Structure formats: C-alpha cells, structure tokens
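Visitor: In case you want the letters, here they are:
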Amino acid sequence: MELESSHPPIVSIRNLSKSYRRGNQVIPVLSGISFDIARGEFLALMGPSGSGKSTLLNLIAGIDSADQGTIEIGGVEISRLSENELAHWRALSVGFIFQFYNLIPVLTAFENVELPLLLTPLKRAERREHVVAALSVVGLSDRMDHYPGQLSGGQQQRVAIARAIVTDPDILVADEPTGDLDRASAEEILLLMDRLVHSSNKTIIMVTHDPRAAEKAHLIRHLEKGELSET
Amino acid sequence: MGIPYSYSFRNLWTRRLTTVLTASGMGLVVFVFAATLMLAEGLQKTLVETGSRDNVVVIRKAANSEVQSAVERDQSALLTTDPAVAVGSDGKPLLAKELVVLINLKKRAGNKPANVVIRGIGEESLALRPSVKLVEGRLPRPGSSEVMSGKSIARRFQGCGLGETIRFAMRDWRVVGVFDAGSTGFSSEIWGDVDQMMQAFRRPVYSSLIFRLRDTNEFDSYKARVEGDPRLTVEAKRETRYYLDQSEAMATFLRILGMVLTVVFSIGAVIGATITMYAAVANRVTEIGTLRALGFQRKSILGAFILESLLLGLCGGILGVVAASFMQLITISTMNWQSFSELAFSFTLTFGILWKSLLFSMVMGFIGGVLPAFRAARMNIVEALRAT
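Top to bottom, those sequences are chains Z and G. Counted the way numbering that gives the first Met the number 0 counts, the first sequence spans residues 0 to 230. Counted the way numbering that gives the first Met the number 0 counts, the second sequence spans residues 0 to 387.
I should point out that these hints are in silico values taken from the structure, not numbers from a laboratory. Certain hints may be false.
[What the hints assert, rightly or not] Pair ranges (Cβ atoms, derived):
1) Z/76 / G/12: 38 to 46 Å
2) Z/23 / G/278: 48 to 56 Å
3) G/12 / Z/27: 41 to 49 Å
4) G/12 / Z/217: 43 to 51 Å
5) Z/83 / G/355: 35 to 43 Å
6) Z/218 / G/4: 39 to 47 Å
[To be verified] In silico EDC-like pairs for lysine to aspartate or glutamate, Cα to Cα no more than 16 Å straight-line:
7) G/105 / G/163
8) G/298 / Z/175
9) G/298 / Z/214
10) G/60 / G/244
11) G/44 / G/244
12) G/106 / G/163
[Stated by the list, open to error] What the simulated footprint calls covered on chain G by chain Z, stretch by stretch (three residues with Cβ under 8 Å from a Cβ of chain Z suffice, anywhere in the stretch; the number is not a length):
13) 2-16
14) 49-55
15) 254-261
Given the structure is predicted, the values throughout are model-derived calculations rather than measurements. Beta carbons are placed, not taken as given, at the ideal position from N, Cα and C, and that holds for glycine.
All chains, please: the whole structure from these sequences, using the hints.
Guide: Here's what the structure looks like:
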C-alpha cells in the first residue's frame with residue numbers, strides 16, 4: 000500500500016517486512032508495508048497490542064533492522080548503514096521521546112539534554128547554548144540543574160522532548176509519550192509536540208493507544224496484523 | 000566524545016552502600032598487598048641504610064655474613080696497610096677490625112629468648128658509622144667489660160638497659176651507654192671492645208674489617224686487588240651492597256608470601272566487583288538502551304562501565320593504602336635469616352608501593368568489570384528499551 004502526500008516525503012518506506020523468531024516459530028510482524036511521511040507531518044500510529052506499531056517505529060528510528068524492504072529518511076537509506084554509521088545517523092537525525100521519559104537519573108536536566116550533543120563536534124560553550132535554547136522551548140529553563148527525581152512526570156517528559164530536539168533532528172519518534180502522564184500533563188506534552196510541528200516544522204511519528212492523543216496528529220494510520228491503513 | 004565521566008562517578012555515588020562494601024573488600028586485599036610490600040621495604044631500608052657507600056666490608060670468601068666470616072690476624076694486618084684505606088685526621092687508618100657473635104638473650108616481654116648480635120668494635124668503628132649516636136650514658140672504655148646497647152635492644156631485652164648487666168661468654172658486662180642508629184640494623188646490636196670480646200669468646204680471628212675508601216671510585220680496583228691476592232682469602236663489598244645482600248632473602252620471602260596471599264584474596268575481591276558490576280548493568284538496562292538509541296556506540300558503553308569498575312577499584316585502593324599507611328606507626332622485630340639475629344624495623348610506605356597498590360586495585364577493578372561491561376555493550380537496543 001502506498002499513500003500519496005502533498006509535501007515532499009522525509010520518510011519513504013518501501014515493501015518493509017519484519018518477523019521475529021520464537022524457537023523454530025517465525026512470527027511475522029510487518030509484511031510489505033510501503034508509505035511516505037511528509038516533512039512537517041504529525042503522524043499517529045495506532046493499533047492493538049502486537050500489531051507491529053512499535054516495531055515500525057523502531058525500524059524508522061534505526062534501532063532495529065528489517066528483514067526486507069527499504070527505509071529512506073532525509074535522503075539516507077538507513078537499511079544500508081553499518082551499525083556505527085547508524086548510531087551516528089541516529090545521533091544527528093532522530094529525536095526519541097519514550098513513554099517513561101528514559102532520562103538518566105544521575106544526570107541533571109541540563110546534562111540529560113546535553114547527551115546527544117556530546118556526539119557532535121560542538122564545543123562546550125556551543126553545547127551550552129543549544130541546551131539552554133532547547134530547555135527554554137519546553138519551558139524548563141529554571142529547572143536545568145534539577146535531577147529527574149526532583150521533577151514531576153510532565154516536567155521529565157518535557158526534559159526528554161528538549162533532549163529529542165536539541166540536535167535539531169529531521170524526525171522525532173515518540174512511543175506512547177503520554178502513556179505515563181495524567182490528563183493535564185498529557186495535554187501539555189501534546190500541545191508542545193503540536194507547537195514543534197507548527198513553529199519548527201518538525202516531523203513527528205507517534206505511537207499511541209490513546210485516541211485523545213491521536214486526535215492531535217495531522218494523520219492517523221492504523222496497523223493491524225502487520226498491515227497499514229489510513230484514517 | 001563518549002559518555003561523560005560524571006555518569007560513571009555519580010552512579011557509584013548513587014549506589015553508595017554497594018560501592019563502599021565492594022570497595023572495602025578490595026581495600027582489604029590492597030591493604031594486605033601494600034602492607035607486605037611495606038614490610039619488605041622496611042626490612043630492606045633498615046639493612047641498606049645500615050651501610051654507607053664509602054665504606055667497604057671485608058669478609059672471608061664465600062661467607063654470607065659477618066657471623067659466618069673469619070679474617071685471620073695476619074691477613075687483617077696486610078689489609079690495614081692497603082693504600083685504598085682512608086686516613087683520619089689523627090693520621091690513623093679509618094679502619095676497624097670487628098668481631099660479630101650471636102648470643103641468646105631473653106626479651107623483656109614474654110621472657111622468650113632471641114638471638115642478638117654482639118659486635119666487638121675498634122677505635123674507628125664509631126667514626127665509620129656517623130649514624131650511630133650515643134643517646135644515654137657514655138661509650139664503653141677499651142679494655143673493660145663494658146658495652147653499649149642499641150636503642151631497640153635496650154628497650155626490648157632483659158639486662159640491656161642503661162646501668163643493667165648482661166651475662167654472656169662467661170662474663171658479666173655492664174651496659175654503660177645506649178646508642179641510637181636511627182632505622183638501621185645497628186640499633187639491634189650490642190657493642191663492646193673487640194679485644195675483650197675476642198678473649199671472652201675465645202676467638203682468635205676477626206669477623207670482618209670495615210674501612211672507608213680514600214676515594215670511593217677506587218672500590219673496583221681495590222676489590223680486584225685483594226680478591227686476586229694469593230695471600231688473602233677475603234672478598235670486599237661496599238657496605239651498602241653487603242647489607243642489601245643481607246636483606247635479600249628475607250625481603251624476597253616476604254614479597255612472595257605477600258603475593259601469594261594477595262592473589263588468593265584478590266580472587267574473592269574480583270568476584271565481589273564482578274557481582275557488583277553485573278548488578279549495576281542489570282539495574283541500568285533501560286539506560287543502556289536509551290544511550291545506545293541516542294547514538295552512543297557499543298565502545299562508549301563499554302568504556303563507561305569499565306571506567307566505573309576502575310573507579311570502584313581505585314576507591315578500594317585508596318581505602319587499602321590509607322589503612323596500610325597507619326602500619327608505619329608499628330615497629331616489629333623478626334629474625335634476619337641471613338644473620339640469624341633479631342632485627343627491628345618499621346613498615347615503610349614509598350611512592351613506588353603507593354602507585355603499585357593503586358595500580359593493583361585498578362587491575363582488580365578492571366578484571367571485575369570487564370565481563371559486565373561487555374554484557375552491557377552487547378545489549379540489543381530494542382530489548383534493552385523494552386526492559387522499562
């Protein structure tokens with residue numbers, strides 16, 4: 000299935016298949032998926048548990064490898080990259096937002112946001128400038144010396160978003176970004192993501208079970224039994 | 000740039016109790032390691048400092064120590080007139096013919112007997128050992144049954160204190176002085192007139208000749224001359240070399256004993272460190288997955304965990320060295336197996352022992368951490384992230 004878009008695609012997926020092995024048994028997760036995502040798109044991937052949406056997100060983010068098919072992101076065919084090249088590409092091109100924030104508890108908010116920048120050639124002063132800017136986008140300039148344990152869930156997720164955008168990546172991948180938050184905090188996070196799309200022209204691919212979260216997206220795609228459909 | 004060092008530091012700090020317990024185990028091993036080296040160093044330092052590089056000790060060929068040596072009177076007369084011997088301000092050769100005999104005395108504490116070196120000294124013996132200082136009483140008069148005790152002997156042996164009387168060689172000897180020879184082996188000796196001692200012990204020969212070289216660079220030519228002289232059956236050693244040889248067997252034994260103990264103990268400490276680091280990896284699977292997802296390569300993860308285990312080892316090393324440094328306050332006495340005499344010495348911490356101990360602790364940390372670090376580095380990103 001191939002879907003057309005009015006904008007030039009930043010993500011182009013063709014004939015993607017992925018299966019897992021459990022003993023001698025082969026369990027297909029994704030089969031022959033093809034679709035494009037335009038730059039500046041906010042896409043929600045929905046589907047029942049085990050439908051393959053997280054697997055698809057992992058493949059797009061370059062942390063898992065497909066059995067078959069190609070994924071081209073920002074002109075780079077990531078399925079051809081070596082492990083180290085892929086790691087370098089992720090550092091510069093993908094921002095991750097996780098359900099449980101995945102901040103490093105022993106590092107401050109500033110240091111957590113700075114982590115991806117350590118993989119760039121930026122100097123200390125330049126890194127500081129970027130971190131301060133990212134934390135100010137998420138409204139946490141006054142919390143940069145706090146450790147994750149000193150922040151609320153919503154604040155921790157905002158720090159995670161700052162970490163995701165600090166390298167100005169091509170795409171942001173979010174796996175249930177509101178799944179661990181109360182309604183008010185979830186609303187704040189979704190508004191922030193929406194703002195990133197509109198003001199910074201970021202491309203966001205979000206996996207969610209929550210229809211309210213999905214409503215914020217421009218486009219919702221459903222995955223069922225490894226196949227994709229559009230809403 | 001890799002994962003910041005603060006990540007490794009703070010993870011250790013966050014797990015303070017585990018860190019302290021593991022580091023303490025490693026510290027105990029480092030303590031044993033450092034203390035044994037300090038013991039061997041103290042022994043060697045004591046004996047080496049006993050000698051002076053300008054002095055030459057002449058003993059019978061193939062004798063390992065003065066106790067086993069015998070220098071005939073006619074040979075000693077020949078040696079006295081050698082031109083290599085320095086001359087004192089009084090015009091006499093700076094040379095002393097000495098007798099060294101072992102006797103058995105009882106210790107003040109415990110009443111246990113131990114061997115003590117009795118040294119018969121000549122007029123120039125004190126001039127040849129400037130480190131020897133009289134601290135109490137006076138010098139023994141030549142031709143009398145008077146002796147002076149080394150500080151360590153006076154304190155630890157019955158009858159050896161100032162004003163007391165010791166009985167040996169069928170005579171009573173009055174202690175008229177106490178001398179301090181610093182941390183040298185002389186502090187563990189009793190000195191008296193050499194001629195009186197030879198009579199009392201019925202010894203017709205000297206044990207050794209000690210003299211100062213007129214020119215310290217003349218040693219090699221002097222050694223070749225006396226050892227090649229068919230009239231002489233002696234060998235010459237610089238006094239520093241002589242005492243170094245004296246300490247070699249004991250110091251080597253102590254070092255080997257220390258190494259064996261350390262290796263056995265370190266197996267336990269390394270297993271402790273491995274368990275701690277495996278636990279650290281198991282508790283941080285999601286962090287590892289996150290760092291990998293963010294773009295940190297396997298080698299960065301490996302480096303961060305190895306750094307953490309090195310730091311753990313270093314903490315243990317510092318604990319062990321600090322504890323071992325207090326051992327310097329303790330003076331112990333033991334049998335010097337080369338001379339079979341009692342020798343008092345202190346644990347000595349040197350810069351060399353310090354860095355060897357710290358290096359050893361970090362090697363333990365490395366060995367303990369390398370397998371868990373590889374496990375962390377080999378993790379699959381997706382599976383690690385699922386561990387949330």
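Visitor: To test your reading of the hints: which numbers does this structure violate?
Guide: The structure conflicts with hints 2, 8, 9, 14, 15, although it agrees with all the remaining ones.
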